[in-house]
Amino acid sequence: PTRAAAAAGEITVLAEDIPAGLDYDGPSAAIPTSQTGMVNLMEPLVYYKTKPANSEGIGLLSFGFADANFEGRLAESWTYDPKTFTWTFKLRKGVKGCGGATFNADDVVYTFARAKSVSGAAPIGWFLSNVASIANFTPDVLGADKAKAAEAQKLGDEVKKIDDFTVAIKQSAPNKLFLPVLTIFGLGIFDKETMEKNKTATDPWSHEFANNTNVPSFGPYCLDKWTKNSEFVVKGNTDYYRGAPKVTRVVYRKVPQSSNRLAAVQRGEAQLVERLTPKEFDSVRKAKGVKVAGVIGNENLFVHMNFKTPPFDNVKVRQAVAYALDYKKIIANGYFGQATKSKGPIPSSYPGFSVSKNQYDTNIEKAKTLLKEAGYKDKGDILLSYVSEKQSILLPIATQIKADLAKVGIKVKLDPLPQTQYGDRQLVKKDLQFALNDQEKPIGVDAGYATLLFFVSSEKGGLNNMVNYSSPKVDDLFAKVKNEADDKTRNTELAEIQDQLMADLAWLPVVELKTQWAFSDKLTGLAWHPDSSIRWNDLKYAG
Amino acid sequence: MTRFVARRLVIAVVQVAAITIAVFLLIRALPADPVATRVGFNASPDVYRKAKADLGLDRSTLSQLGTYLGGSGTERGLLAGNLGTSWASGSTVASEIGDALPITLELISLSFLLAGAIAIPLGMRTARRPGKALDKAVFGYGLFAGAAPEFWWGLMLVFVFYFKLGWAPAPLGRLSPQLQAPTQRTGAILIDSLLAGRLDAFWDGLRHLILPVVTLAFVLSGPIMKMVRQSMTRVLGSDFVLYAQAAGLPPRQVSRSTLRAAFGPVLTLTSILYGFMLGGAVLVESVFSLGGLGQYSVKSVLEFNYPSIQGVVLVITVLSLVIYLVLDVLLALLDPRARHR
Amino acid sequence: MTATAPTVGHPKRPHRLIAAARRDPLLTIGLCIVALSIFLALFGTLIAPKSPTEPTGAPSEHPSLSHWMGTDASGLDVFSQVISAPRTDVVLAVSAALVSSVLGTLIGLTAGYFRTWWAEVVMRISDVLQAFPVFILGMMLVALSGRNTGNLIVALSLLYTPIFIRLTRAEVLTQRNRSYVESARAMGNSEWKIAFRHVLPNSLAPSLIQLSVTVGFGILLTAGLSYVGAGVRPPTPEWGLMISSSANQLILGEWWPSVFPGLAISFTVFGFAAVGNAIERRVGG
Amino acid sequence: MTDVSTPSSAVDQEVVLEARGVCVSYGEGTNAVSDFDLRIHRGEIVGLLGESGCGKTSAALALMGLARHPGRVSGSVLYDNRNLLEMSDAELRDIRGRSIGLITQKPRQSLNPLLTIGTQISRVFRAHNRVSKEEAQTHAIELLEAVGINDASRRLTAYPHELSGGMAQRALISMAMSSRPQLLIADEPTSGLDVTIQAQFLDRMWERAQATGSAVLLVTQDLGIIANYCDRIVVMADGRVIEERTVREFFLSPQQEYSKRILAVQSADTTTNPAARRLEGSDALVEVKALSKHFVLPDKRRLQAVQSVDLSIPAGHAVGLVGESGSGKTTVGRLLVRLLEPDAGTVLFAGRDITALDAKAFRPQRARMQIVFQDPFDSLNPRWTVDRIVREPLDLHGLGRGEPASNTTHAEKQQRIAELLDLVGLSPDTRNRKAAALSAGEQQRVCLARALATQPEFLVLDEPTSALPPAARVEMVKLLADLRRRLGISYLFISHDLWTVGQVCDEVAVMYLSQIVEQGTRAQVFEHPSHPYTQALLDSVLLPDPTDRRVDRERKDLAGEIPSPVDLPAGCYLAGRCPLVEDRCRAERQELVTMGDGRSVRCWKVAPATRSAS
Ligand SMILES: Nc1ncnc2c1ncn2[C@@H]1O[C@H](COP(=O)(O)OP(=O)(O)OP(=O)(O)O)[C@@H](O)[C@H]1O
Ligand SMILES: Nc1ncnc2c1ncn2[C@@H]1O[C@H](COP(=O)(O)OP(=O)(O)OP(=O)(O)O)[C@@H](O)[C@H]1O
Ligand SMILES: [Mg+2]
Ligand SMILES: [Mg+2]
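Chains as they are written, first to last, in this note's numbering: chain C, 1 to 543; chain F, 1 to 341; chain D, 1 to 285; chain L, 1 to 614.
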């Protein structure tokens with residue numbers, strides 16, 4: 001096996017799964033490994049500029065909302081008219097996709113038209129456009145009235161082809177999230193020509209094709225071979241407009257057990273592996289030929305306490321929990337030092353993050369006093385839920401938390417749930433009482449988006465307020481943030497929100513953890529992106 | 001005979017219909033659906049609603065069953081042979097099972113061959129010489145081999161032969177990562193690689209199967225051996241074998257008819273185990289990341305992927321019932337006494 | 001009902017059993033193991049040197065004097081977990097075996113003795129249950145009703161009942177043709193009385209042999225279900241769960257949290273199999 | 001009788017086979033056969049006698065160098081001056097089947113169940129003769145015809161389980177004889193057969209031995225067979241030869257205690273019956289009219305087990321029901337006590353039609369009629385003690401004769417159990433034993449005690465003696481006769497053994513293929529049988545008297561096989577075998593006709609009268 005890998009520029013990447021589907025409006029868009037497939041095959045209109053690498057050599061991005069934070073990808077340049085809220089993009093010429101199609105304005109228009117059609121299993125494209133306030137991308141498209149909805153699903157002139165290489169996109173209101181949203185995998189640009197070729201009468205938007213066969217776009221890689229549930233092989237797109245990728249072939253393989261991925265990278269059978277347990281990363285840190293590096297990006301470990309279920313409807317109980325946890329032990333035993341104590345519920349790398357003035361450090365006595373004040377009586381029926389698929393990481397932590405809480409008189413039982421069931425209860429039923437969660441990363445890189453996503457009450461348009469948190473103060477502040485043009489004021493308001501969130505303990509942030517990779521020491525150029533998917537085009541392999 | 005088979009087929013059809021409906025209802029009673037996983041948390045309630053409606057989960061169970069069986073619009077239903085589309089990946093369930101099934105069949109068939117190759121000669125020998133040291137050793141082996149869970153054996157073998165000694169390939173699936181898989185025809189790598197003339201893939205595939213096959217064969221050989229021994233002992237003690245000797249028949253003829261007479265119970269046990277292993281090989285499949293039917297079925301349940309669960313249950317049940325039917329036909333061919341039933 | 005339900009570990013005539021055990025070393029070993037596992041099921045958690053559910057040491061400590069079998073990734077004492085696990089594993093397997101044997105024997109008796117149309121239906125249903133993929137059934141039942149011991153017992157019982165139905169029915173079919181049944185009828189017994197007082201006790205042998213084997217299967221299947229994520233909840237001490245949550249660490253050289261529970265399973269199942277085998281040689285001939 | 005003449009065939013002194021110090025052991029423990037010596041001469045028929053389990057079969061097989069798995073043979077067996085036990089497998093194979101033929105105790109089990117008869121016969125033939133498959137096939141047909149199987153070419157394609165026991169035995173004989181062996185070892189060759197078939201078979205074997213001059217070792221437990229067919233007798237007990245004499249000497253003056261005992265048993269006579277008298281139908285206890293019963297076989301074929309049977313059993317009388325296996329005797333017995341529901345006909349018990357009662361209402365009546373089955377071990381719940389077994393009827397019905405069960409105290413029951421055990425001659429210490437710990441004779445006594453517990457008026461005895469060893473059989477017959485006298489019960493005594501019927505019954509009914517063919521007093525039927533079947537049946541009885549050998553007199557044979565009850569012939573059922581057969585027999589069903597002396601016969605040639613339009 002190592003024989004084949006030795007060919008320069010060819011690498012094997014192992015993950016717990018491979019893309020299950022490639023259509024971002026399809027059923028697998030929420031799965032990280034599927035996203036990895038999408039981001040490497042598709043190209044966005046704009047993307048964040050890069051920043052110098054961190055001390056471990058991981059490339060970083062310059063987050064923000066200003067034009068200076070972004071670089072053109074399929075769009076060469078853009079202008080914004082604040083009066084009409086219209087963005088005009090000059091598109092790049094001579095960009096060729098894998099199938100030989102040439103990129104032009106039709107592809108952009110097609111992409112938005114498809115998003116608005118909400119014809120896929122999960123309308124991510126529409127949702128992102130809606131978040132970015134693109135005009136007419138309203139919930140009407142999902143209305144119960146079929147005829148009305150069908151009308152609303154048609155793309156009007158909000159996304160307009162001016163000429164073959166110019167497109168105008170209109171917003172309904174000013175919204176800072178517009179450019180950040182365009183960087184997200186869920187608005188990658190399709191190659192219309194190829195897509196149209198593969199449509200069918202019942203599937204005019206080629207979902208079946210994009211999801212199960214190939215997603216045609218203008219990205220750095222072209223799909224070579226895809227055996228579902230097993231391997232996903234791509235070749236560099238030799239026509240890629242930014243130059244053919246240096247790693248010319250990537251075999252992305254499914255190896256469900258992290259220990260097996262670890263073994264493979266140790267023996268040189270793989271050049272890059274993802275999502276090992278912290279312990280496994282720690283174990284290869286000093287191994288020969290293997291490097292481990294990471295970055296504190298946007299991953300946090302949270303404890304979620306449901307505001308609708310006693311005893312957690314009482315802020316004192318929530319605070320008692322926060323004081324009871326032994327953060328040092330969790331960092332040491334759960335993350336082997338590759339984490340820091342969280343200062344708030346928003347990732348610290350996101351624009352708008354601020355350190356809250358309400359902090360909770362381990363203090364058993366205080367926890368006990370708070371519980372007494374709250375009149376807490378232990379019934380021994382609290383279930384601490386977590387995703388069973390992440391058991392090897394979360395079980396030791398959950399066990400630790402269980403022991404910590406027992407010390408202050410709260411008895412909990414562990415309740416690992418399959419990812420699907422966890423998701424259903426967390427997002428749809430919203431009835432998890434007490435949960436340990438390390439996978440909430442807002443894809444919109446902005447404290448405001450994170451607030452909207454998680455903390456604004458449902459009545460005020462909050463999207464996924466999974467603990468049923470509701471604070472008039474936060475809602476009010478967010479209403480201001482939403483339309484605030486001035487960055488400074490916006491940041492102050494966001495800081496106030498974050499103070500309030502920590503005072504209420506809307507979520508209990510435990511630690512911020514490193515997103516890590518283990519890879520061959522001949523592999524360089526690794527960079528972190530907010531979706532945690534490696535862009536293979538960043539890499540260089542000197543094997 | 002034909003009537004017997006026809007009758008059994010009719011019963012099997014009723015059984016399969018009953019199980020299809022039962023499983024359908026059972027699944028709908030599960031406490032979760034996969035909408036949240038499909039959409040992720042970066043989405044709004046509208047999106048969930050839309051995704052749910054897309055899966056038909058907003059309709060009544062009965063109407064969902066109707067669609068599943070009879071299809072809707074252009075989509076064909078189960079009655080027209082369509083197992084539906086996986087909710088997790090969007091591919092057809094039939095194609096996913098089509099990928100997973102050959103892997104399992106390859107794994108368990110080889111395991112049964114190996115188990116048989118160990119168990120049958122040993123069982124026969126110990127039946128001929130009861131009470132000898134070999135008999136006792138083999139008896140102990142039979143008790144012991146079945147005592148530890150197969151996934152534990154698998155893990156131990158991986159630990160020793162891969163991690164410690166480095167003799168075995170990584171337990172990462174059917175082929176080495178960098179090796180191009182042979183063109184898929186049957187889905188079984190060993191066969192496909194031979195068909196494609198790819199000896200490298202054949203040897204590599206074989207190497208990857210050694211540990212899983214040894215694990216399963218180890219566990220399976222115990223009961224098979226016990227049955228061979230028991231059955232051989234019975235036949236060896238039977239009057240007709242004695243009479244064949246007394247009539248001076250050539251030894252080849254005698255041992256042939258002995259084997260044939262002892263074969264029935266062994267065949268029965270093997271078939272039942274084989275049917276069980278279709279879904280039961282999951283533990284070994286996941287230790288070695290083989291991606292067979294068992295793993296697929298477990299994954300489907302964990303994902304609450306309704307059409308896949310339904311499909312895989314259907315396929316395994318139908319296969320098992322077919323195996324039992326074939327078994328009965330074989331037994332009838334083997335033994336004229338079984339023909340009158 | 002006067003039918004004597006089969007019981008494991010409480011044979012009717014202990015002195016005979018001891019005498020038999022003396023002649024048969026395998027039975028002796030088996031009985032010792034079974035006795036030990038039942039003892040641990042009752043008192044394992046009490047005699048465990050450390051708490052089996054709370055971290056009592058640093059994570060992943062080697063076996064040492066303070067942790068005889070080391071600690072696992074969560075810092076739990078492996079030895080204490082291993083000896084506390086029979087509370088779950090053995091109790092679960094034994095109860096499932098008992099429930100399914102009683103249920104299966106009764107259904108098998110009625111299906112075999114009163115050969116009516118519904119007996120046929122029962123047999124066809126148990127056919128399908130046997131053809132049904134075990135893990136899916138187990139996982140679905142557990143998903144339906146939650147991960148706890150009671151539900152696992154129900155799931156396992158459902159899986160094993162068809163075996164007992166089949167065995168008992170086959171035996172009843174031969175017993176019902178024996179003359180003592182006819183004599184009982186000639187005596188003026190009602191059919192139910194014949195079925196329960198005469199046929200049932202004489203049809204128990206196959207189930208009795210199977211019972212011990214089923215306990216072993218039950219332990220293995222519990223472990224297997226844990227391995228695929230449908231067993232009991234952590235940190236309940238359970239051998240399969242211990243193996244599955246520590247399998248990852250094997251590659252890091254941490255063999256102790258998965259090797260010891262595996263050995264414990266092997267020993268226990270071996271013990272039950274040995275006893276079953278001895279019963280088979282005695283009862284089944 | 002003092003004149004010990006040489007057997008009809010002169011024994012040539014040439015030794016065919018000689019066994020010296022042969023031992024057979026099965027694993028550890030004592031030998032099943034030890035120090036067995038035997039010499040067999042040309043043309044001689046040697047009988048090997050002994051009780052069940054004494055090692056006869058083991059010894060016989062050892063003569064071919066064989067033992068049942070996992071047995072071992074030691075010692076020496078000289079054939080043709082060579083020791084069989086030291087020969088190579090190839091040499092042995094050449095002798096087995098060619099020079100020494102074997103017929104086993106269980107014919108059907110000795111045939112390979114997976115192969116057709118034709119294949120098996122021709123395989124054996126081809127193993128010793130260089131012939132083509134076709135030739136072997138033709139030869140097989142000849143062989144089958146030679147042993148009296150009609151339609152042999154069709155039978156070749158049959159599997160063993162499709163054959164009757166008699167037919168399987170014949171197939172085995174043709175295999176054993178196919179290469180004209182010098183020595184034939186026949187191990188209880190007739191134990192599964194009916195008397196008429198047994199006689200037929202032994203005659204044929206004897207004839208063949210005479211004709212070919214081959215020697216025969218005939219293993220048996222039946223003195224009748226020894227007396228009628230053998231020249232010399234070897235008696236075995238506990239794996240050893242205890243006596244070896246010529247047959248005549250043996251019967252005249254047995255030497256060993258054991259031999260004396262078995263001889264005494266067989267010649268015992270307990271005829272102390274009340275004089276047979278015919279009673280009128282009015283005071284009949286059991287009155288059966290036109291009883292019929294059929295069974296549906298698994299393959300949906302219809303088997304007529306009992307056909308228009310009329311029978312009356314006067315109070316206090318014993319009626320014997322004799323006939324071959326499968327003739328429907330047991331079915332009649334079970335119908336009488338309503339263990340089966342008849343298709344047609346009535347059963348009047350004390351004037352009341354019991355077939356009309358519903359099951360629940362009938363149950364208390366069961367106290368008045370009981371049944372004892374053939375296999376005593378099978379009839380006793382193996383998990384119960386004798387005490388509990390005998391108590392069961394008391395618990396259900398009380399002490400009988402109308403006394404309700406609830407009125408009976410525990411002490412009364414205990415008392416009654418003791419009485420019953422005493423009545424059937426069981427010692428009180430059997431009370432706490434289980435069936436397996438009793439001998440067959442004791443088991444049958446327990447069955448009898450249980451049946452008598454509720455003081456029934458009528459007892460069906462279904463071959464109560466046939467599973468017992470000879471000595472116990474005689475005891476049982478004595479007991480039954482005695483009980484009848486003391487308790488005044490009526491019996492329906494079913495048996496195929498004419499001797500025991502003669503000991504117990506006043507009247508005898510003979511059944512053949514679902515019908516009663518002759519019925520009358522014991523004297524009428526036994527001394528002057530009129531139906532051809534009855535005649536043949538009586539003629540087939542082998543008396544343990546070497547001076548009156550069957551082979552020396554003219555025989556009234558029945559040819560051929562009993563027809564299958566599934567596929568009954570159109571006319572008289574005996575037509576295919578009857579020496580008197582005419583065309584009319586083949587065309588017409590026969591009626592049971594009552595003759596002037598009170599007996600009834602189903603044969604128009606014997607009882608021609610009153611044939612009215614049916
Ligand atoms: N295969 C065997 N294994 C062990 N013991 C055996 C075997 N066959 C026979 N025996 C024992 O050897 C002894 C002699 O048996 P054998 O069959 O020779 O007696 P037999 O006189 O032919 O009896 P029967 O009249 O019942 O046929 C018996 O005690 C029997 O239990
Ligand atoms: N329950 C049954 N089902 C089908 N066939 C039966 C059944 N009972 C008896 N027979 C058949 O009915 C016929 C008469 O049987 P029955 O037992 O009455 O004969 P028998 O004269 O008592 O014979 P034996 O001397 O062998 O006891 C036989 O051919 C038998 O095979
Ligand atoms: Mg014998
Ligand atoms: Mg009978």
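These are computed hints drawn from the structure, not numbers from a lab. Quick reminder that beta carbons are idealized off the backbone N, C-alpha and C, glycines included. The reader is advised that the hints may include incorrect statements.
[As the list claims (entries may be wrong)] Pairwise CB distance ranges, derived in the manner of DEER restraints: (1) F:L9 to L:E207: 46 to 56 Å; (2) L:D238 to F:R129: 41 to 51 Å; (3) F:L9 to L:R433: 26 to 36 Å; (4) C:K429 to F:Q180: 40 to 50 Å; (5) F:R234 to L:K300: 28 to 38 Å.
[To be verified] Once the Cα atoms are required to be at most 30 Å apart in a straight line, the calculated DSSO-like pairs of lysine-lysine come out as: (6) D:K193 to C:K366; (7) C:K390 to F:K164; (8) C:K328 to D:K50; (9) F:K52 to C:K522; (10) C:K146 to F:K164; (11) D:K50 to C:K377; (12) L:K133 to D:K193; (13) C:K407 to C:K366; (14) C:K441 to F:K226; (15) C:K199 to F:K132; (16) C:K482 to C:K160; (17) C:K379 to C:K357.
Hints and how they fare:
| no. | hint | in the structure |
| --- | --- | --- |
| 1 | F:L9 to L:E207: 46 to 56 Å | 55 Å, holds |
| 2 | L:D238 to F:R129: 41 to 51 Å | 28 Å, violated |
| 3 | F:L9 to L:R433: 26 to 36 Å | 53 Å, violated |
| 4 | C:K429 to F:Q180: 40 to 50 Å | 46 Å, holds |
| 5 | F:R234 to L:K300: 28 to 38 Å | 31 Å, holds |
| 6 | D:K193 to C:K366 | 70 Å, violated |
| 7 | C:K390 to F:K164 | 26 Å, holds |
| 8 | C:K328 to D:K50 | 23 Å, holds |
| 9 | F:K52 to C:K522 | 46 Å, violated |
| 10 | C:K146 to F:K164 | 63 Å, violated |
| 11 | D:K50 to C:K377 | 27 Å, holds |
| 12 | L:K133 to D:K193 | 59 Å, violated |
| 13 | C:K407 to C:K366 | 12 Å, holds |
| 14 | C:K441 to F:K226 | 56 Å, violated |
| 15 | C:K199 to F:K132 | 72 Å, violated |
| 16 | C:K482 to C:K160 | 26 Å, holds |
| 17 | C:K379 to C:K357 | 33 Å, violated |
The structure shown violates the earlier hints numbered 2, 3, 6, 9, 10, 12, 14, 15 and 17.
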